[in-house]
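> What follows is the residue order along each chain.
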Amino acid sequence: MKHQTTVLAGALATMLLASHASAAELRIGTAAEPSSLDPHYHNLTPNNTLRRHIFESLVDQDAKQRLIPALAESWRTLDDKTWEFKLRKGVKFHDGSEFTAQDFVYTLCRIPNVANSPSSFTLYTKGIDSIEVTDPHTIIVKTAAPYPLLPVEMTTFGIISAKAAGGEGVTFDKAGCKADSWPSTQAFNDGTLAIGTGPFKLAEYRKGERVVLERNPDYWGEKPEWDKVTFRPITSDGPRVAALLAGDVDMVDEPPLQDLERLRKDPKVSVVETMSNRVVYLALDQAEKTPTISGTDGKNPLRDIRVRQALSLAIDRGAIVKRIMNNTAEPAAQLLAPGLFGTNPDLKVAYDPNKAKQLLAEAGYPNGFELTIGTPNDRYINDEKIAQAVAQMYSRIGIKTQVDAATVNVFFSRRNKGEFSVFLAGWSAATGEASSPLKSLVATRIKEKGFGPTNYTGYSNPKLDDLLTQALATVDDAAREKLLAEAMKVVSDDVAILPLHYEVTSWAMRKGLSYAPRADQYTLAASVRSAK
Amino acid sequence: MLVFLIRRIAQSAIVVAIMSVLVFTGIFAIGNPIDVLISPEADELERAAAIARLGLDRPLHEQFFAFAGNALSGDLGISFVHGVPAVELVLERFPATLELALLAMIIAVLIGIPLGIWAGLRPDSPAGRIIMAGSILGFSLPTFWVGMLLIMAFAVSLGWLPASGRGETVDVFGIPFSFLTADGLKHMLLPALNLALFKVSLVIRLARAGTREVALQDYVRFARAKGLSPARIVGVHILKNIMIPVVTVLGLEFGSVIAFSVVTESVFAWPGMGKLLIDSILLLDRPVVVAYLLVTVLLFIVINLVVDVLYSLLDPRIRLGGAKA
Chain W
1 MKHQTTVLAG ALATMLLASH ASAAELRIGT AAEPSSLDPH YHNLTPNNTL RRHIFESLVD
61 QDAKQRLIPA LAESWRTLDD KTWEFKLRKG VKFHDGSEFT AQDFVYTLCR IPNVANSPSS
121 FTLYTKGIDS IEVTDPHTII VKTAAPYPLL PVEMTTFGII SAKAAGGEGV TFDKAGCKAD
181 SWPSTQAFND GTLAIGTGPF KLAEYRKGER VVLERNPDYW GEKPEWDKVT FRPITSDGPR
241 VAALLAGDVD MVDEPPLQDL ERLRKDPKVS VVETMSNRVV YLALDQAEKT PTISGTDGKN
301 PLRDIRVRQA LSLAIDRGAI VKRIMNNTAE PAAQLLAPGL FGTNPDLKVA YDPNKAKQLL
361 AEAGYPNGFE LTIGTPNDRY INDEKIAQAV AQMYSRIGIK TQVDAATVNV FFSRRNKGEF
421 SVFLAGWSAA TGEASSPLKS LVATRIKEKG FGPTNYTGYS NPKLDDLLTQ ALATVDDAAR
481 EKLLAEAMKV VSDDVAILPL HYEVTSWAMR KGLSYAPRAD QYTLAASVRS AK
Chain C
533 MLVFLIRRIA QSAIVVAIMS VLVFTGIFAI GNPIDVLISP EADELERAAA IARLGLDRPL
593 HEQFFAFAGN ALSGDLGISF VHGVPAVELV LERFPATLEL ALLAMIIAVL IGIPLGIWAG
653 LRPDSPAGRI IMAGSILGFS LPTFWVGMLL IMAFAVSLGW LPASGRGETV DVFGIPFSFL
713 TADGLKHMLL PALNLALFKV SLVIRLARAG TREVALQDYV RFARAKGLSP ARIVGVHILK
773 NIMIPVVTVL GLEFGSVIAF SVVTESVFAW PGMGKLLIDS ILLLDRPVVV AYLLVTVLLF
833 IVINLVVDVL YSLLDPRIRL GGAKA
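Line by line, the protein sequences are chains W and C.
At position 320 of the first sequence (counting the first as 1) the number is 320 in the working numbering, and the numbers step up by one without a gap.
Just add 532 to the spot in the second sequence (first one is 1) and you have the working numbering.
Just so you know, these hints were derived from the structure itself, not from any lab.
There's no promise every hint is true.
[Stated by the list, open to error] The calculated DSSO-like cross-link candidates involving lysine-lysine, where the alpha carbons are at most 27 Å apart (straight line), are:
#: 1; chain 1: W; residue 1: K174; chain 2: W; residue 2: K400
#: 2; chain 1: W; residue 1: K81; chain 2: W; residue 2: K357
#: 3; chain 1: C; residue 1: K718; chain 2: W; residue 2: K511
#: 4; chain 1: W; residue 1: K89; chain 2: W; residue 2: K289
#: 5; chain 1: C; residue 1: K718; chain 2: W; residue 2: K228
#: 6; chain 1: W; residue 1: K289; chain 2: W; residue 2: K400
#: 7; chain 1: W; residue 1: K449; chain 2: W; residue 2: K174
#: 8; chain 1: C; residue 1: K718; chain 2: W; residue 2: K268
#: 9; chain 1: W; residue 1: K223; chain 2: W; residue 2: K289
On a predicted model such as this, the values are computed, not experimentally measured, just so you know.
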């Protein structure tokens with residue numbers, strides 16, 4: 001009898017599970033909310049995540065940020081400055097119209113014409129000099145100079161429908177395309193222009209509350225498992241985890257570190273994680289005068305490489321990862337996690353406080369000096385705690401260190417004004433390769449070249465700039481990778497900047513679901529699968 | 533009455549003007565929104581272009597006068613973050629906050645007044661003491677913590693109620709409301725309870741103090757001597773006389789519940805105005821913060837007016853005169 005009951009219960013459970021699966025609805029709780037549905041309005045991770053469901057780009061990246069074909073079936077260089085993209089045939093927009101080269105042209109034209117855009121995608125389109133449409137499914141793109149990152153940058157923006165926006169006659173002009181009017185951001189938010197080629201269609205958008213997507217039955221690629229996907233912003237950490245445990249949502253992104261251990265042990269929950277493309281680092285001001293160091297007669301000790309070496313040797317990166325990051329991070333020796341394109345496998349960092357003390361003495365600071373480290377307190381995982389730990393480690397080698405923590409908006413404004421001698425920050429390589437952090441963080445600030453926009457330290461090494469310039473003009477992948485790895489070594493030899501650790505990104509979901517964790521931190525519903 | 537109204541409106545206009553100057557300069561002093569909004573990959577040319585697009589390259593006074601000019605014609609500017617009109621953004625969120633606040637106030641009155649009167653009539657009974665002790669807890673427990681506790685108990689452990697969100701909504705004149713569906717009500721219950729907790733305690737204390745005072749008055753003794761039923765004594769003679777302080781405080785509290793329900797809205801991911809305000813402050817979205825404060829000021833003015841009118845209805849001795857206001 002007992003046995004029978006068990007079998008019955010088992011059968012019932014199977015039926016329940018089956019019915020659950022056939023409903024095929026996926027609810028995802030997210031830590032951040034997109035600011036708009038307009039794919040070209042705001043270059044921001046939550047916006048780009050949502051964009052990837054509705055709008056596709058010519059080229060895409062897989063979970064490890066390697067390039068994969070999307071709307072372009074293939075691409076090749078005709079010469080160093082000319083690229084040919086073969087577009088996929090038979091792809092339909094959500095309104096039934098066919099995807100052609102004109103949609104790409106129109107998208108490129110629209111990107112510089114988004115009113116009030118706080119962070120534009122022109123960053124990724126300005127390398128393009130001219131476009132030639134040889135047939136509806138072949139595009140020739142010319143760049144002014146050799147531009148190896150073109151396919152990578154093609155992954156960053158989504159293609160909108162020229163027909164839906166009334167842009168069939170628009171032609172590309174680098175100086176500015178001509179059109180009577182450009183689609184407004186509002187037209188995407190209210191759904192009229194939310195027409196892409198992606199695996200999902202927009203069903204409902206309520207700002208602050210939810211975005212509901214439904215499956216695109218005519219999708220050209222592998223059709224997603226879910227009929228309906230709901231994204232709900234639950235920005236507070238605790239409540240987001242609670243929503244998962246209560247069964248309100250099936251999956252959450254960025255579960256807080258302090259709950260991870262508990263979630264891993266919970267039999268009803270599974271957790272996946274992967275190394276992200278973000279490095280957390282300390283920047284060291286190397287200008288003549290520096291604001292938050294005292295006890296050095298007005299000199300900036302950080303200009304001395306021995307002091308910088310000492311500051312690196314004094315940090316026990318392993319302890320930070322273990323104690324503060326709960327092992328959900330990896331100690332870092334360079335600006336991008338090894339294994340990704342252009343990183344250098346030979347770089348190492350050591351922990352040796354005695355040697356650090358000795359180096360300080362050699363540099364003429366046997367009694368150290370006083371230092372204040374600036375840090376945000378709500379931007380990176382445990383950012384302020386990490387800065388506190390570093391401060392303690394520095395105090396141990398005789399540098400009296402204080403931490404000046406502030407909320408994001410205050411911190412970044414102060415940092416950009418150059419108010420810190422040493423500050424903690426993070427860098428995500430959106431392109432997934434080494435030129436991104438090298439170009440932004442450590443290259444000499446040269447406005448015309450777009451070098452060093454986030455280099456607030458005044459560090460400058462012509463050798464690095466040359467290597468980087470050369471790499472950015474080398475279309476051959478193997479040669480470019482070598483140049484980037486070499487540039488990475490220059491930065492490391494100079495101790496230009498102190499990488500601390502690579503963040504690990506995690507997702508938590510109810511048992512029975514699986515997700516291939518992504519280095520770019522996107523949560524893509526089409527890649528969530530239920531166990532069969 | 534008319535003089536009273538005009539004076540009120542003039543006062544409010546001054547408040548609004550001062551507020552907008554303060555908020556404007558305050559947010560300007562915190563930092564540049566572009567520092568938070570722009571992709572870190574952007575180079576200096578991109579940055580300059582974005583700053584120009586949002587009009588942030590102009591000096592503060594120019595920005596302010598441009599804003600003030602537009603504001604007078606009803607345009608409070610476009611949100612830096614969302615690229616849509618700021619007022620629209622705030623008003624879109626208003627119904628969600630309003631219905632939650634209303635339910636919280638109803639809970640506060642329905643639970644607070646009976647318990648308060650009970651405790652006032654029998655101050656030394658065990659029940660009275662327990663009610664008072666409970667009200668101290670309600671005052672002193674932090675909202676965030678109680679909210680999490682409610683979620684852990686009713687959503688995670690018992691699974692009776694959903695943990696967060698707004699649930700199913702029904703559109704009335706194009707405005708979505710949750711309280712009209714069973715699912716929506718289920719979603720509202722925990723956040724409303726969380727929001728009401730403090731108010732319940734407040735009402736209990738006010739009602740108890742009022743009852744203790746009124747119960748000793750001559751007219752109550754007289755009513756008792758006349759042989760009126762206890763229900764009538766409490767329900768008419770006592771209740772009506774303790775309502776004046778309760779209505780005043782609830783009126784003010786209602787305003788603050790609407791304006792500052794930030795914590796509850798964050799814990800329960802309730803898509804109301806409070807959450808919008810916090811997000812906007814973090815991203816230095818000045819047009820939205822200004823619009824929010826203007827809407828809030830307006831709200832307080834209306835609520836205070838309603839409270840004053842209610843006063844004169846509850847207590848005929850009070851007249852709304854031009855001189856007194």
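> Next, verify each hint and record whether it holds.
Here is what the structure says about each hint:
1. Between W:K174 and W:K400 the CA atoms are separated by roughly 54 Å; this puts the pair beyond 27 Å, and the hint is violated.
2. Annotation: proposed proximity of W:K81 to W:K357 is violated, straight-line Cα distance about 52 Å (limit 27 Å).
3. Taking the CA atoms of C:K718 and W:K511, the gap is near 26 Å; set against the 27 Å cutoff, the hint holds.
4. Of the pairs offered as hints, the one joining W:K89 and W:K289 is violated, with about 60 Å between alpha carbons and a cut-off of 27 Å exceeded.
5. Between the alpha carbons of C:K718 and W:K228 the distance comes to roughly 23 Å, so the proposed pair stays at or under 27 Å and holds.
6. Of the pairs offered as hints, the one joining W:K289 and W:K400 holds, with about 19 Å between alpha carbons and a cut-off of 27 Å not exceeded.
7. Only pairs whose Cα atoms come within 27 Å are accepted, and W:K449 paired with W:K174 is accepted, the gap being roughly 18 Å.
8. With a C-alpha separation of about 24 Å, the suggested pairing of C:K718 with W:K268 holds against the 27 Å cut-off.
9. As the CA atoms of W:K223 and W:K289 are separated by approximately 59 Å, the hinted pair breaks the 27 Å bound.
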